[in-house]
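Residue numbers (numbering that gives the first Met the number 0), protein chains in the order written: chain A, 0 to 118; chain B, 0 to 394.
Hints were generated in silico from the structure; no laboratory data involved. Among these hints, one or two may not hold up.
Said to hold, decoys possible - Straight-line Cα separation of at most 30 angstroms, BS3-like style, residue types lysine-lysine; simulated pairs:
1. A/Lys63 to B/Lys214
2. B/Lys214 to A/Lys102
3. B/Lys197 to A/Lys63
4. A/Lys49 to A/Lys94
5. B/Lys221 to A/Lys102
6. A/Lys63 to B/Lys266
Here the structure is a predicted model, which means the values were calculated and not measured.
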Amino acid sequence: MSDESRRVLVVEDEVILALDLTEIIEDHGYAVVGPCSRLKHAERAAREDKIDAALLDVNLGHGKTTEGIAKILRERNIPIAFITAEAPSSVAFRKSEEPLIRKPSSTTALMNCIERLVA
Amino acid sequence: MSDALSLKPEAYLVKPDTLTDRPAMRVSPLPQTPRPHAEISVDRLDEIEELKQRIAELEAENAEQAMRLRTKRTKLLEFEAMVETAPVGILIADASGRITYGNHLVEEMLRHPIHFSENVDDYHEWTAFHGDGSKVDVQEYPLARVLAGETYSELDVQYLRGDDTQFWMRIIGRPVFDADDNRIGAAVALIDIDRERKLQDTQQILIRELNHRVKNAFSVVKSIVNQSLRYSSVEQHVRRTLDHRLDAYAAAHGRLMDTKWQSGDFKQVVTDIVDHVAPGRVSYSGPPHEINSGEALAFSMAFYELATNAIKYGALSVPEGRVTLTWDLQDIDEVPSLIVNWTELNGPAVVRSERKGFGSFITNRAIALETGGTVEMDFKEAGVSWTCIVPIEEE
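Turn these sequences into a full structure, and let the hints guide you.
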């Protein structure tokens, strides 16, 4: 796509899922920042990269979550959607206006969500 | 404690010998050392006065002595209160192993009166078992071990209580020293760890259950794929490949569950895949190295793809072909790194494929993203050479 492609940050620790999500998002004309499977890389990207929207896996394994990433992005006024296999109520740090996608998700649900985020 | 303080000192004056302390009474100096004035003074009244004074002095001394004893007695009572308040059973033995003291919790926990065993050999009166069901030998008890010279001893046992029920108990032993640092006995604390052990057991059951369910989920996914593709135009080998890939992923998952999801030995990851997919045809070597669960999964899948590719198109597709798989720990640009190399030899001429299939996705992008490392694929005449360099991060 062109330079005007909207940029979506993808943070997901399951690598195969991360790359699969990336391809789906790219196929729909967006540019993907990342994908980041590690907290450290994700934090750097969240702070420094040009991002229009972010798709964050909630649980990054070994007790790590994307809570810190979400905070950085909110400070930059970047819209966020969470993606998780867990129950919606278990994501304590999600703000009510931030959408949550359940895993496994359909391509349609995912893209609808992202389109709403960047609209 | 308030009880102890309210004890009257007189009580101790009556029977000082009942106290275990040093003799409380000093020998009165009166008969041995008559005062110099006695010979000079002829006035009996003076003498009486002097004796009275002496008596007063002695009484004062006695009172002071009693006070000191009371303090010691108070300390002893405080100490006893501490021992009785502690939420653990406490037993004390002298140097010969004779059990001399036990707090009330010992009886409460063990549900039988304390056995005041005469010596270590008599500890068979206490019945406890190891995790494997074998009886705990008298010499194995922390009390016996500390008496034999150890400075600390700990043992978890399943104890047979007085009412024939059993519970898990941790025994911790420490020596008792006198003021001159001589060992004069040993003390053990008995801690009820039954709840903790049962929780551990429950956790194990839950992990097994989770493992089972995940495996089931994989099977269901496989069936869905198979059923969906059965009547479609998809070729059978595609179906088989999908099936095997899901198997490889499920197997790697299963192993990680066995190791509680934390980490695995690199060699284990290697042997699990190559001995399964290409038994005897891959020679591998490298130092012991622990990798985390995500990396283990990524390498499992990569080795699976490399091995199946070698069998189909590479060195393992011909009888004389072989593969060496080596790994090593080295500094690359001053970063401690794991270097993994898969090299195929004596294979058919390599045809460089530009097609980006699932295999190359796994052996390249996926593993690089998972490990934060770099991957290099070298298409040599004699076979493919795949190198993955992973920086070792200190958590």
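Checked hints:
1. A/Lys63 to B/Lys214: holds, 25 angstroms
2. B/Lys214 to A/Lys102: holds, 18 angstroms
3. B/Lys197 to A/Lys63: This hinted pair holds, its Cα atoms lying about 28 angstroms apart.
4. A/Lys49 to A/Lys94: Holds, at about 22 angstroms.
5. B/Lys221 to A/Lys102: holds, 18 angstroms
6. A/Lys63 to B/Lys266: The hint holds at about 27 angstroms.
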